[in-house]
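K.L.:
Put chain B on the given structure of chain A with help from the hints.
Listed below, chain by chain, are the residues.
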Amino acid sequence: MMAKWKAGGLAAAAVVALLLLFLVIGTIRFQPNSPASLPATAVLPTPADPAVVEVNGQTIGVNAWVEAMRVDGVMSALAGVEPPDAEATLERLINSALLLQAVPQPAPEARAVTDYRAALLAQWGVDEAQLRAALADAGLQVGALERTLAYLLQVKQAQESLLAQGVVWEEWIARQRATADILYHRERIDAVMRTLAVPTAPAPTPTAVAMVVSPDTAPDFTLERAGGGQFTLSEQLAQGAVVLVFFQRCG
Amino acid sequence: MALAVNDLSSVAGAAAAVGATFPILADPQHQVAEAYGVYNLLGDQLAAPAVFVIDRDGRMRWSYIGQSSQDRPSAADILTRLP
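From first to last, the protein sequence lines stand for chains A and B.
Under my numbering, think of the first position of the first sequence as 91, with each following residue one higher.
Under my numbering, think of the first position of the second sequence as 62, with each following residue one higher.
If we strip away everything but chain A, and leave its shape as in the complex, we get:
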């Protein structure tokens, strides 16, 4: 083993392996009563989420789009309707971004999200276990659904406030789109679409999913080191390449 490492001709001093051990703790699970309000992060940019579309400078990222597609898929399946295609989902995100830019809404209370979720489950005639199973099959955690529902509530509030002013939605959004600065990153969109075009089993293979969501540029992060101190990826990269190894758990 050691001989192999040496024989690898490592520009060795420059290489650092980083082992991420996942401590499974209770906070992972959904806690309906914990936060006072939920941030609507469905289309907020993160450094790790390269843009597929920019709407007046607001980023809709690859991860946000893929997550929205998966959530749309789960919700459609539970509702017994055909899911929207990927482009329809992207257009919905663009329209939602335009709407909330024009008519900003506060993040909904956690209680409102919980109630919305309960109402949907009742409407679909499914229970919590079925919901969780459907989310897991789509590679989603409950948090993704919560974010989506919080965002949908904001969009709904914004639409209702427009309608209260006598606005016709279709006309309004058409005008907004005509004047908005909407930049499509076609290459990135096409790359995602090509991945989606590959026939997949109902549960996508992890490799196929990761091809979509793994960023080209490594997201920076800072985490606590076992034994004390902090580790920041960008600081480590200044010293050379990094091998990042994710382990499922350390128990």
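Careful, some of the hints might be misleading.
Covered by chain B, per the in silico footprint, the following chain A stretches (three or more residues, Cβ under 8 Å) [as the list claims (entries may be wrong)]:
hint : segment
1    : 191–205
2    : 307–313
3    : 318–327
Chain B is faced by these chain A residues, among others (derived, beta-carbon under 7 Å) [to be verified]:
hint : residue
4    : L243
5    : L273
6    : Y274
Cβ-Cβ distance ranges computed for the label pairs, FRET-style [what the hints assert, rightly or not]:
hint : chain 1 : residue 1 : chain 2 : residue 2 : range
7    : B       : P144      : A       : W259      : 48 to 58 Å
8    : B       : R117      : A       : T312      : 14 to 24 Å
9    : B       : A137      : A       : R222      : 34 to 44 Å
10   : B       : Q128      : A       : S251      : 38 to 48 Å
11   : B       : Q106      : A       : D217      : 18 to 28 Å
12   : B       : A137      : A       : R182      : 40 to 50 Å
13   : A       : W214      : B       : D118      : 43 to 53 Å
14   : B       : Q128      : A       : S166      : 22 to 32 Å
15   : B       : A137      : A       : N146      : 46 to 56 Å
16   : A       : P194      : B       : D118      : 30 to 40 Å
Treat the hints as calculated values from the structure; they're not laboratory data.
The beta carbon of each residue, even a glycine, is placed where N, CA and C say it ideally should be.
P.N.:
This is chain B only, laid out in the frame that chain A set:
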């Protein structure tokens, strides 16, 4: 789990051989796993076993996403992917 501990031991041994350091990090809120797109891919609310090779400019040079806890590349294989 023992498998992780064993992996750590073997990697740490190799690390010692080349004089590298191997920080061990905890990501209890799984924000890094999510940022790298490997969280809950197996529907277990854990990170999928995964390896990313990142060059000094921060570009992803190679990645491997395992489809089960046993599905991960060997250390020798990873070495061939280094920039």
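K.L.:
Each hint needs a verdict: does it hold in this structure or not?
P.N.:
Results of checking the hints against the structure:
1. 191–205: violated (count 0)
2. 307–313: holds (count 6)
3. 318–327: holds (count 5)
4. L243: violated, 23 Å
5. L273: Where the cut-off is 7 Å and the nearest Cβ of chain B is about 23 Å from L273 (chain A), the hint is violated.
6. Y274: At 22 Å from the nearest chain B Cβ, Y274 (chain A) fails the 7 Å test, so the hint is violated.
7. B:P144 / A:W259: 48 to 58 Å: holds, 51 Å
8. B:R117 / A:T312: 14 to 24 Å: holds, 18 Å
9. B:A137 / A:R222: 34 to 44 Å: At 39 Å between Cβs, range holds.
10. B:Q128 / A:S251: 38 to 48 Å: holds, 47 Å
11. B:Q106 / A:D217: 18 to 28 Å: This hint holds: roughly 19 Å between Cβ atoms.
12. B:A137 / A:R182: 40 to 50 Å: Between A137 (chain B) and R182 (chain A), where Cβ atoms are some 47 Å apart, the hint holds.
13. A:W214 / B:D118: 43 to 53 Å: holds, 47 Å
14. B:Q128 / A:S166: 22 to 32 Å: With Cβ atoms ~26 Å apart, the hint holds.
15. B:A137 / A:N146: 46 to 56 Å: holds, 50 Å
16. A:P194 / B:D118: 30 to 40 Å: holds, 38 Å
Hint check: violations occur at hints 1, 4, 5, 6; the rest are consistent with the structure.
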